[in-house]
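Make a model of the complete structure from these sequences and hints.
2 protein chains.
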Amino acid sequence: MRSLRVDCIPQISEALSQDLAGKTVIVIDALRATSNIVTALSNGAVSVWPVETVAQAKQAAGANDLLAGERQCKKIPGFDLGNSPLEFTEQTVSGQRIVMTTTNGTRGIQKAAKAAAVLAGSMLNARACAETALQWKRDIVLLCAGTKDVFALEDGLCAGLIAKEIRELRVGDLQFSDFTRAMEGAYDSFADRLEDVFSTSDSGIRLGRLGYGGDVSFCAQRNTTDTVPILTNGEMRAFSPRQIFSYK
Amino acid sequence: MRSLRVDCIPQISEALSQDLAGKTVIVIDALRATSNIVTALSNGAVSVWPVETVAQAKQAAGANDLLAGERQCKKIPGFDLGNSPLEFTEQTVSGQRIVMTTTNGTRGIQKAAKAAAVLAGSMLNARACAETALQWKRDIVLLCAGTKDVFALEDGLCAGLIAKEIRELRVGDLQFSDFTRAMEGAYDSFADRLEDVFSTSDSGIRLGRLGYGGDVSFCAQRNTTDTVPILTNGEMRAFSPRQIFSYK
Chain A
1 MRSLRVDCIP QISEALSQDL AGKTVIVIDA LRATSNIVTA LSNGAVSVWP VETVAQAKQA
61 AGANDLLAGE RQCKKIPGFD LGNSPLEFTE QTVSGQRIVM TTTNGTRGIQ KAAKAAAVLA
121 GSMLNARACA ETALQWKRDI VLLCAGTKDV FALEDGLCAG LIAKEIRELR VGDLQFSDFT
181 RAMEGAYDSF ADRLEDVFST SDSGIRLGRL GYGGDVSFCA QRNTTDTVPI LTNGEMRAFS
241 PRQIFSYK
Chain B
1 MRSLRVDCIP QISEALSQDL AGKTVIVIDA LRATSNIVTA LSNGAVSVWP VETVAQAKQA
61 AGANDLLAGE RQCKKIPGFD LGNSPLEFTE QTVSGQRIVM TTTNGTRGIQ KAAKAAAVLA
121 GSMLNARACA ETALQWKRDI VLLCAGTKDV FALEDGLCAG LIAKEIRELR VGDLQFSDFT
181 RAMEGAYDSF ADRLEDVFST SDSGIRLGRL GYGGDVSFCA QRNTTDTVPI LTNGEMRAFS
241 PRQIFSYK
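If you're matching them up, the sequences are chains A and B in order. Residue numbers for the first sequence follow the numbering used here, beginning at 1 and rising by one. Residue numbers for the second sequence follow the numbering used here, beginning at 1 and rising by one.
You can trust all of the hints, since none of them are fake.
So the derived label-pair ranges between C-beta atoms look like this: (1) A:Ala116 / B:Arg206: 27 to 33 Å; (2) B:Gln243 / A:Thr224: 54 to 60 Å; (3) A:Gly95 / B:Arg5: 47 to 53 Å; (4) A:Lys148 / B:Arg206: 30 to 36 Å; (5) B:Ser3 / A:Gln18: 38 to 44 Å; (6) B:Gln18 / A:Leu210: 26 to 32 Å; (7) A:Leu169 / B:Thr200: 18 to 24 Å; (8) B:Arg209 / A:Gln221: 39 to 45 Å.
Because the hints were derived from the structure by calculation, they are not lab data. The C-beta atom is built at its ideal place from N, Cα and C for all residues, glycine as well.
Written as C-alpha cells, this is what we have:
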C-alpha cells in the first residue's frame with residue numbers, strides 16, 4: 001500500500017481547489033461554524049445546508065426549514081438561530097433541516113467542491129473524523145478556515161488533534177506534511193489547557209467580549225460525539241465511522 | 001507604553017510588503033541561508049550581500065569578494081562557496097566580503113525592503129535576535145522563508161524559539177498573534193528532540209539525501225552566538241545586542 005499523505009492548510013485563502021481535488025477534505029472552523037454543524041446533526045437535525053449569503057439562505061429555506069447564521073459573530077435579523085452551538089439543542093433541531101450561512105466555514109466547504117469527500121471537523125468529533133477519513137484510504141487535507149484570511153489558533157489546534165488521532169489509529173504508512181506536524185506539536189503543547197487557549201485566541205477574545213464565552217468553552221471539548229457531517233448533494237448529513245460505507 | 005505586537009508569517013509568498021513596513025522583520029531560513037549568514041558574520045566576514053540571481057552575484061562581486069550560493073541545494077559551478085554553514089569557517093571568511101545567492105532566504109530579505117530593520121534569524125542566534133528586536137520597541141514580524149511557497153517546519157520552530165525568547169525577556173506588554181502562539185507551542189513540543197525534527201522535516205530529508213546531514217545538525221543548535229546580521233545599505237553586517245545602538 002502506498003503511503004497516505006496528511007496535509008494541513010493554515011487558512012482558506014491559501015487553499016487551491018486543485019490541491020483538494022480527489023482528496024478527503026476535513027473543513028475546520030472550530031469557533032464556531034463546523035462545531036455548530038456537528039452539534040446540530042448530533043442532536044438529530046436531518047441536514048445542514050451551508051450557503052454563502054443571507055439572500056441565498058432565505059431563498060433556499062423551505063417553509064419548515066430553520067434559518068441559521070451570523071454576520072460579525074451575531075445572529076442575522078429574522079433568522080431562527082444564530083451561530084451558537086448552545087442554540088442547536090435536540091428540542092430545537094431534531095428532525096429539522098437547517099439552512100446555515102456563516103462567514104468562513106461556508107467558504108471552506110465550498111472551496112472543497114472538487115474533493116472526493118468533504119467532512120466538517122471540530123474538537124467535538126476529532127477522533128470520529130480521523131476514523132472516517134482513514135477508511136477511504138485517500139490523502140487527507142485538514143483545511144483550517146481561519147478568520148478574514150488569517151490563521152486562527154483554534155482551527156490549527158483542532159487540525160493538530162485530528163492529526164494526532166490519525167497517527168494513533170495508524171493504518172499503514174502515513175506521511176505528515178511539515179505544517180501538519182507543526183499543528184500536532186502545537187496541540188500537544190496546549191492539550192492540558194485547551195479551554196484557556198481557545199478563550200485567549202483572537203476569535204475567542206472577540207466572542208468572549210460579545211458574550212459568547214460559553215460557546216468558546218463548549219467548542220473546546222474533545223471527542224464528545226461520533227457524528228461526522230459529510231457533504232452529500234450539497235448538504236451536510238450525519239454519519240458515524242461505523243456507517244461510513246453507507247455513504248454514496 | 002503601548003503593547004508590542006509579535007506576528008509570524010508562515011512563508012514568503014504570504015508576506016505583503018505593506019504589512020512589513022515600519023516594523024522589525026526577522027527573516028528565517030533555518031535550512032540554510034540565514035544560518036549561513038549568521039555563521040559567516042560570526043566567523044569574521046565583513047559583510048554578506050544577498051542577491052537574487054547567479055548573474056547578479058557575479059556582477060556584484062569584486063575581485064576580492066567570495067561568491068556563495070546554491071541552486072537545488074547544490075553549490076553553483078564556479079562559486080567559492082556553496083550553501084553549507086560548515087564551509088563558512090573563520091579561516092575561509094574572516095575579513096572577507098561575501099556575495100550570496102540562495103533560493104528562499106534572499107527573497108525573504110528583499111521582501112522586507114520597507115521594514116524599519118531586517119535581521120537574519122536562525123536557531124544559532126535566536127536569543128540575540130530577540131534581545132536586539134526588543135530594544136527598538138517596534139512591532140516584530142517573524143518572517144519564515146519556507147520552501148517553494150510552502151511552510152517549512154524548521155523555520156516555524158525557529159520562529160517559535162525566537163518568540164519564546166522574546167516572551168522570556170518580557171519588556172512591557174506583548175501581544176502575540178495566533179500563529180506566533182502556535183509556533184511557540186510547536187517549538188515547546190519539539191524542543192527536546194530538535195535535531196531529530198530538523199532531520200525529518202521535508203528540507204531536512206532532502207538535505208540528508210544530498211549528503212548535507214551535517215549541515216542540518218549544525219543548524220539545529222540553539223543560541224550558540226550573539227551575532228545578529230542586520231541589513232545595512234543592502235548588505236548584512238554583524239551586530240550584537242550590546243552594539244545595537246550603533247546601528248541607526
